[in-house]
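Note that this note's numbering gives residue 668 to position 273 of the sequence shown, counting from 1, and the numbers run on in steps of one.
Worth double-checking, as some hints may not be accurate.
What the hints assert, rightly or not - Below, simulated EDC-like cross-link-like pairs (lysine to aspartate or glutamate); rule was C-alpha separation at most 16 Å, straight line:
1. Lys683 / Glu735
2. Lys608 / Glu648
3. Lys411 / Glu442
4. Lys527 / Asp481
5. Lys720 / Glu584
6. Lys484 / Glu442
7. Lys543 / Glu584
8. Lys566 / Asp693
9. Lys764 / Asp646
10. Lys542 / Asp502
11. Lys752 / Glu778
12. Lys680 / Glu751
13. Lys568 / Glu628
14. Lys475 / Asp435
15. Lys596 / Glu628
16. Lys492 / Asp481
17. Lys623 / Glu531
18. Lys764 / Glu778
19. Lys565 / Glu489
20. Lys596 / Asp609
21. Lys492 / Glu584
22. Lys566 / Glu684
23. Lys475 / Glu526
24. Lys651 / Glu628
25. Lys733 / Glu684
26. Lys610 / Glu649
27. Lys720 / Asp646
28. Lys456 / Glu582
29. Lys549 / Asp502
30. Lys615 / Glu735
31. Lys701 / Glu745
32. Lys615 / Glu638
33. Lys623 / Glu684
In short, the hints are calculated from the structure, not lab data.
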Amino acid sequence: EEKTINSMISIWQKNKSDVKTEEYNEFYKEHFHDYAEPFDIIHTKAEGTLEYTALLFIPSKAPFNFLHPDFERGLELYSKNVFIMDKCKELIPEYLKFVRGLVDSQDFSLNISREILQHTNQLKRIASNIEKKILETLENILKNDRKKYEEFFKEFGESIKIGIYSDFTKKEKLSNLLLFQSSETAENEYTTLAEYKARMKEGQEFIYYAAGKDKSSIEKLPHMEGMKDKGFEVLYFTDRVDEFMVGMMRDYEEIKLHSILQADNEKTDKDSSKEENKEVKDILKAVKEILGDNKVADVRESDRLKESLVCLVNKEDSISFNMAKVLAETGNNMFGMKAERVLEINTSHEVFKAMEKEYQTNKKSDLFKEYSELLYDEACILENLPLEDTKLFASRMSKLMLKL
396 EEKTINSMIS
406 IWQKNKSDVK
416 TEEYNEFYKE
426 HFHDYAEPFD
436 IIHTKAEGTL
446 EYTALLFIPS
456 KAPFNFLHPD
466 FERGLELYSK
476 NVFIMDKCKE
486 LIPEYLKFVR
496 GLVDSQDFSL
506 NISREILQHT
516 NQLKRIASNI
526 EKKILETLEN
536 ILKNDRKKYE
546 EFFKEFGESI
556 KIGIYSDFTK
566 KEKLSNLLLF
576 QSSETAENEY
586 TTLAEYKARM
596 KEGQEFIYYA
606 AGKDKSSIEK
616 LPHMEGMKDK
626 GFEVLYFTDR
636 VDEFMVGMMR
646 DYEEIKLHSI
656 LQADNEKTDK
666 DSSKEENKEV
676 KDILKAVKEI
686 LGDNKVADVR
696 ESDRLKESLV
706 CLVNKEDSIS
716 FNMAKVLAET
726 GNNMFGMKAE
736 RVLEINTSHE
746 VFKAMEKEYQ
756 TNKKSDLFKE
766 YSELLYDEAC
776 ILENLPLEDT
786 KLFASRMSKL
796 MLKL
């Protein structure tokens, strides 16, 4: 049954200059059943070899079921003001599924099937134009009304990131729409990648980032000490999709993005004046043997720690701790990927000096073994990773306290 809008002239058929914002808002709320006014409105007409009118709305808030797998994307499709179909998903890419609206084109017959429609060049060209128009609109808002754009990004920023993850060819366009909190931004403020790049220190090779639950938890990581010492800004990745996105993105304008939680992340900035100490090397090897391969892939001297005693980092080419958590929570780790752990130790710390003294006295002492296990447990706690045996950890702590 054909359906038409109850109006002599539909709102999208009118000239944009003849429609008041209030009329657009009223139509949106009534037609798409939203209580809030739209974040932004796009009303565009194309003439020539391809003729169509598009009336698009970016919502102010994400729908309650937006992240649910059953949420359907798509725009309404009309031909000469007559309804053809709802949720025409071919008109909008998955990462822009939050956009509501409709397209009216006389190039489609009223009885066209969805199967035939999917393969029409007209539809593909319209979809491409719509995507381009939406991105241009977002770019203009980011440039001219930063606070407004930040409100949009809080609601739908994850969708933009998914766009990069799902389609590498969109990386260059979408990367300039990304916002992050960082070690240089104030509370509730954000930076773009372009702004980060402009602030990079002379000689800084990477765009650094750290993934975690939130800004507060990332700032407490011992890994931040080396970055602060060098004055390097760190982006905070707090969305679940961030590290998956960066795995596809890899760089921004030919500057690689690098996690400060990854082993050997400061390979270009290491302290070359620090001579290798054979005894320190032997102690680290002994700690590795005590902990075993099931706990750590390696034990190394840290170049990033300044005050803290220990930290855990991901082994090179291993997935991160945060990514492992996300995969476990979502049940998507079908290949059983693990975050291989490397224990880094601050060999200038007083506790390590005490270990060094104990090692010199008795390389096989129980106390040295207790020290080694506690170093690993402390690193796990700092990384918000569960301890294998909390009772044993408490027992070791009690024994060590009795020796004070």
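Would you pick out the hints that fail for this structure and give their numbers low to high?
As far as the earlier hints go, 2, 4, 5, 6, 8, 9, 10, 11, 13, 14, 17, 18, 20, 21, 22, 23, 25, 26, 27, 28, 29, 30, 32 and 33 are violated by this structure, in ascending order.
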